[in-house]
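Listed in order, the protein sequences are those of chains A and B. First residue of the first sequence? That's 1 in the working numbering, and the numbers climb one at a time after it. First residue of the second sequence? That's 1 in the working numbering, and the numbers climb one at a time after it.
I should point out that these hints are in silico values taken from the structure, not numbers from a laboratory. A few of these clues could be false.
To be verified - Computed far set for chain A versus chain B, every beta-carbon distance over 10 Å:
id	residue
1	26
2	144
3	146
Stated by the list, open to error - Cβ pair distances, simulated, as ranges:
id	chain 1	residue 1	chain 2	residue 2	range
4	A	140	B	28	30 to 38 Å
5	B	223	A	190	56 to 64 Å
6	A	50	B	116	56 to 64 Å
7	A	149	B	230	57 to 65 Å
8	A	142	B	201	57 to 65 Å
9	B	143	A	190	32 to 40 Å
10	A	45	B	201	45 to 53 Å
Note that the coordinates shown come from a computational prediction; the quantities given were computed from them, not determined experimentally. Beta carbons: idealized from backbone N, C-alpha and C, even for Gly.
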Amino acid sequence: MATKSVLFKIKRQPTPSSKPYWEEFELAHHPGMNVISSLMEIAANPVTRDGKPTTPITYDSNCLEEVCGSCAMLINGRARMACSALIDNLEQPVKLEPFSKFPVVRDLAVDRSVIFENLKAVKAWIPVDGTYDLGPGPRMSQDEQESIYPLSRCISCCCCMEACPQFNEETGFVGAATIAQVRLFNTHPTGQGLKPERLAALMGDGGIQECGYAQNCVEVCPKDIPLTKAISEVGGEVMKQAFTNLLDR
Amino acid sequence: MASAASSTAPAITPGIKQGVAPLRAGHGTSFFLRRLHSLTGIIPVGAFLFEHILISNATAISGPEAYARQVSFLANLPLVFFLELFGIWLPIAYHALYGFYIWYRGDGNVVEYPWSGNWMYTAQRWTGGIAFIYIVWHTWTMRFTGVDLHMYPAASFGKVQAEVFQPGLFLFYVVGLVAASWHFAYGIWLFCAKWGIVPGERARKRFLVVCICFFFLLTGVGLASLATFRSRPLQPIDSSAPAMTLVLPAKVQPVEGR
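Isolated chain B, as found in the complex (with noise of 0.2 Å):
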């Protein structure tokens, strides 16, 4: 490669700017560090955001007592605590400030070229940025401070409620949600282009979308559970509160049920 660099140089005026450099054949660490980013965002971020909402968040839907039996599973999977290191918190930090990184390099140009697939690549860098955001506050109330929901899982669906009842919170859950949703579905597409999964132009078309359709389906449920918690009645925080007590049996129901 030492051979190739300095062919480089005769070709180049002295005194002109160097320009964009030449191909690093056989250098460096972006290419590994760049398909984590890019596998890192289908599993285990995107997986995690899947069962988030379309599993977990979704048995809201069916009550207060049901979302207190899923926390209550979720909270009990064995090393939860390493479960939530390793399977979320460490990927999604990965996915963000390498993501944020790629954001940096990169120079945006939908101004000059203001075509569909430059907007998506656009997009995909607010999306990921405001899910951020979203994301951080989100993990912050919800799992560190306020009640610990993994010792009082029937505190769960008040503690949500506390949240949405605010308009600005409400709006920003939405905004989060709608965000999220769209970078992954969009992602999975990206994944799939990039990976050679799915090369064909139409295709890729297809798949798009199939992708699209996919979005629609997590903002959906995404939007249904969040309205579940805006039309049932204020539950008690509290985690000396009565629904605590009236739920707290359920905490071992699943692994009878299951």
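Just chain A, with the same shape it has in the complex (with noise of 0.2 Å):
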């Protein structure tokens, strides 16, 4: 193997509505390339690999170091972050294909925003606006800080979505990003407020009992979040207030 080249396979799709077709680019192989450095590299100079000109490759990135969230798409078949997807540990030619779930906007580019209105539902923030200063919050103890630390590095990058059997347009699962979410609020001192409310909205339609436990959400996410243990918390919690909600009124 004296001068590398490195062969990807693209899924394009100029719009949201036409039909998606593939592309074949090669690329001069050096150390430490990433799937994000090869889209550059063909932006710089976009020829396909029969060397017919064509458009720069749409994708969305930001941080190119895995806490950002942007760049998640379907590498060799599989949900995981673009930037961190490293070319000499992927099987050739590298298959980038735009994530399956969520409505393509161009390319490698996906509209995410069903998270956010995930999020948002659940209400996954802290209530401190006011007309006042409410001056410091609760101290949390260190043991409670430790345990949802991890839960706050999810960078919304949907890969435990897409790769969830159970998300889906059938069930419109809300999927386990937000679930956890869930949990890290409803353990602030001062997001516990919200709880019951949180743990409603997680037995609506589309909540947390469509959870299949197939546990591909844990395994795919790019931030080592717990997230079947997030889910199998916040399980308990919603069984508990839906029994609060029918004896206590």
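With the hints as a guide, bring both chains together as one complex.
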């Protein structure tokens, strides 16, 4: 392997409603290259493998260090972040596709606004807004901080949703990320105020009950968030809330 | 919620396929129905399977007379028809039909994501389907057709033997036993995971071992019972056969004995 080259098979789709098609690209190999740096190279010289000029590939990206959650796509069929996908660790040709369960905007860019709607539906925030300074909030114990810190690492990349067999148009399942955020904000001493509302939201259609516990979410999560644990804990909280709602009024 | 729905609309460019709908907070009954499905799998359906394999069928190991006594005991439970209807048939029918609905709505993806949890997700659907087909056939031939075992408990052992001695049906029994046992054992694990009873990573792993042991217990005892049916001499099924008169007094025995 003297002058190595890297082959790419990329799914193109110029408009949201047009039919997707494949294009192949060939790049010279250099050490440390990843999927995003490869897409940048293609953008600098957008010519397919057989020499036809084409358009640069559209994709979302921002931080290039796996903390912003923008560049999630299907790489060799699996949901993952493109910036941390090193070419040397991938089988060739490297197959790039947009997420299959989100509306395609163009090429590899998809509309992931559903997660934002879901986070709003469960009130994934801490209610501190008011007309006067509320002062410092209650302190959290070290244990509690450590138990929920991993949940705060979520970057809303939607990998957990893409890989979930239950996340589809039939079920309208909310997905693991949002449930983990419910856990995060329900544990926060000030965030706890909205706990009953968050749990009630998760009892709606598409709520936590749709989880089939296939556990793909926790496997694909680029931030190693304990998603199955969060789903389990929130599952218990939701049941307690359901019984409270039933017996307490 | 109307506001949440309307705020979605402008975010999506016209012409784009809508994709997966956001959470419908406060809407629908799927939470109740799905959790009821989960619960019926444990109680009463799972509890019945436990009794059926580990208690009733296991008495077959002690021979035709013990088996007839057990069948007679069950047949003489008060309001047995209603126990069967509300304790077994309706819960199983609900669990199965809603289960098929869940299966239909999921998009299995073990090819793309071939991980153990995902395989178990798929296996839970297939074992459920196989168990359901088996259960429908088994209930039809054992409870609703042929000699009525509630009337003639003494014919029970022979009636089972008549099926188990046919190699094809014997295989069907084994497949049905394994499928139902796995579905229940892994179902207990799923129930405890989903209802927050065993949330921890390590605790879940350990509990999985417990559930797999339980699967082997169910399957092992079930196979031992099946082996007994095949190893004993054929018992008469005819309700007027001498074996029946031999065991008939036993019909009263459990009442005295207990």
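Now for the hints, and whether the structure bears them out:
{"no.": "1", "hint": "26", "verdict": "holds (26 Å)"}
{"no.": "2", "hint": "144", "verdict": "holds (16 Å)"}
{"no.": "3", "hint": "146", "verdict": "holds (15 Å)"}
{"no.": "4", "hint": "140(A) to 28(B): 30 to 38 Å", "verdict": "holds (35 Å)"}
{"no.": "5", "hint": "223(B) to 190(A): 56 to 64 Å", "verdict": "holds (57 Å)"}
{"no.": "6", "hint": "50(A) to 116(B): 56 to 64 Å", "verdict": "violated (42 Å)"}
{"no.": "7", "hint": "149(A) to 230(B): 57 to 65 Å", "verdict": "holds (59 Å)"}
{"no.": "8", "hint": "142(A) to 201(B): 57 to 65 Å", "verdict": "violated (21 Å)"}
{"no.": "9", "hint": "143(B) to 190(A): 32 to 40 Å", "verdict": "violated (59 Å)"}
{"no.": "10", "hint": "45(A) to 201(B): 45 to 53 Å", "verdict": "holds (46 Å)"}
Violated hints, in rising order: 6, 8 and 9; the structure is consistent with all others.
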